[in-house]
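Engineer: Chains as they are written, first to last, in the working numbering: chain A, 1 to 152; chain B, 1001 to 1152; chain C, 2001 to 2152.
Since the hints were made in silico from the structure, they are not lab data.
There's no promise every hint is true.
Under the rule of at most 25 Å between Cα atoms (straight-line distance), these lysine-lysine pairs were calculated in the DSS-like manner [to be verified]:
1) B:Lys1126 <-> B:Lys1046
2) A:Lys9 <-> A:Lys126
3) B:Lys1088 <-> A:Lys88
4) A:Lys124 <-> A:Lys46
5) B:Lys1088 <-> C:Lys2088
Label-pair restraints from in silico Cβ distances [stated by the list, open to error]:
6) C:Pro2016 <-> A:Ser4: 39 to 45 Å
7) B:Glu1005 <-> A:Gly51: 44 to 50 Å
8) B:Glu1060 <-> A:Asp44: 28 to 34 Å
9) C:Ser2002 <-> A:Glu101: 33 to 39 Å
10) C:Lys2009 <-> B:Glu1056: 36 to 42 Å
Don't be surprised by glycine CBs; every beta carbon is placed ideally from N, CA and C.
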Amino acid sequence: MSISEKLKKMNIVLPPPPAPVAAYVPAVTAGDLVFVSGMLPLRDGKLIYQGKLGREVTIEQGVECARVAVLNALAVLQQQIGNLDRIKQVVRLGGFIASDEGFNGQPQVLNGASLLMVEIFEEKGKHARAAVGAAELPLNAPVEIEMIVQIS
Amino acid sequence: MSISEKLKKMNIVLPPPPAPVAAYVPAVTAGDLVFVSGMLPLRDGKLIYQGKLGREVTIEQGVECARVAVLNALAVLQQQIGNLDRIKQVVRLGGFIASDEGFNGQPQVLNGASLLMVEIFEEKGKHARAAVGAAELPLNAPVEIEMIVQIS
Amino acid sequence: MSISEKLKKMNIVLPPPPAPVAAYVPAVTAGDLVFVSGMLPLRDGKLIYQGKLGREVTIEQGVECARVAVLNALAVLQQQIGNLDRIKQVVRLGGFIASDEGFNGQPQVLNGASLLMVEIFEEKGKHARAAVGAAELPLNAPVEIEMIVQIS
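Only chain A is shown next, with the shape it has when bound in the complex:
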């Protein structure tokens, strides 16, 4: 099954790739690696939640943020490489979670991204990752996710 069929089966419609919020590009290809910029949980140009985990944002909302950020990353990748079937391996996910004092559930939040990637790409979706609690994130986003994938 192709990735586009898989997404359809999962009832996932990729959004239009979000425009960068500043002076950079959404993705760069170097050899067979594609580096995707830090993606925020933007939907139709607006953050779906704002604030920090452990304060304004619940874990469930954080998980949804991670999923939306990943869909934005996939939209960017589709634009960058033309076809998501070219992804040979998801290599690394970097997840920054805006964290209030004492919040240590970064892994659970980032699982929203990781589980979705594995559901879509199966073996090819299993990635290395780092989950880190940020003091603040752009636009007061709760989650920011960057990605490296290997293409064929």
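Following the hints, position chains B and C against chain A.
Structural biologist: Frame of chain A; chains B and C shown alone:
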């Protein structure tokens, strides 16, 4: 126009590459990728500003910090690869901005770095990036920037 | 001297590779680069210290955390590539240090990792790195370290 001519035209003189502040090296080459260590806004061995954005450091000062950190990265790259014309593509910029509670202008600050890279390297300077608010940075620096470039 | 002989001489016994704390894998190989997930200072499944530098955790304890995280990364690498002698170059270390307000000794803490890598791998162990102060880390860990190595 070569990069050194471009820098001259922009009245930019690269500093001597800063010595690492600890037990590591300024850059490592792996294949055609060069990984530059996190650079601080050091000039003549001293931080040009100290503290956090949203408190001691204004956005304008943060932008200047980002520019100075990038010039240090370019000085390191020149030392590492001999000639900045070998840069085929700037791949990724990682920008950490020391952020006080409620400061969410990380993208504007990091634009100091991104715009400078694009001004110098034009199309080759357009990079992926992640902008993240750090709780604290080494030496109380307001900004730390790391970089991956692809060389030919 | 092989790396295993070197480790024996240094009285270092690698631990069993820690299981990921969530939905990802400990390492991914892409071409000749191996990306190791963010490693915590876990020993026998428990953090050796908890809390932040500048508050519950001293610099000496932070250095020990960095060393333990690196040993976990090496255990993961051994499992991933079979033999640590295949490491041609340690490319990049990313070190996140959970930092209380006003703690700026991230480089000293991360040196626990960097010096150990250079002691074990000598020239091949000299890496680029970024040291960043995190607001919070998973499980209330004081230190998280991720790594990229080049293999032959």
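Engineer: Hint by hint, say whether it matches the structure.
Structural biologist: Results of checking the hints against the structure:
no.	hint	in the structure
1	B:Lys1126 <-> B:Lys1046	violated, 29 Å
2	A:Lys9 <-> A:Lys126	holds, 20 Å
3	B:Lys1088 <-> A:Lys88	holds, 24 Å
4	A:Lys124 <-> A:Lys46	violated, 30 Å
5	B:Lys1088 <-> C:Lys2088	holds, 24 Å
6	C:Pro2016 <-> A:Ser4: 39 to 45 Å	holds, 40 Å
7	B:Glu1005 <-> A:Gly51: 44 to 50 Å	holds, 48 Å
8	B:Glu1060 <-> A:Asp44: 28 to 34 Å	holds, 32 Å
9	C:Ser2002 <-> A:Glu101: 33 to 39 Å	violated, 46 Å
10	C:Lys2009 <-> B:Glu1056: 36 to 42 Å	violated, 48 Å
Taken one by one, the earlier hints fail for this structure at numbers 1, 4, 9, 10, listed in ascending order.
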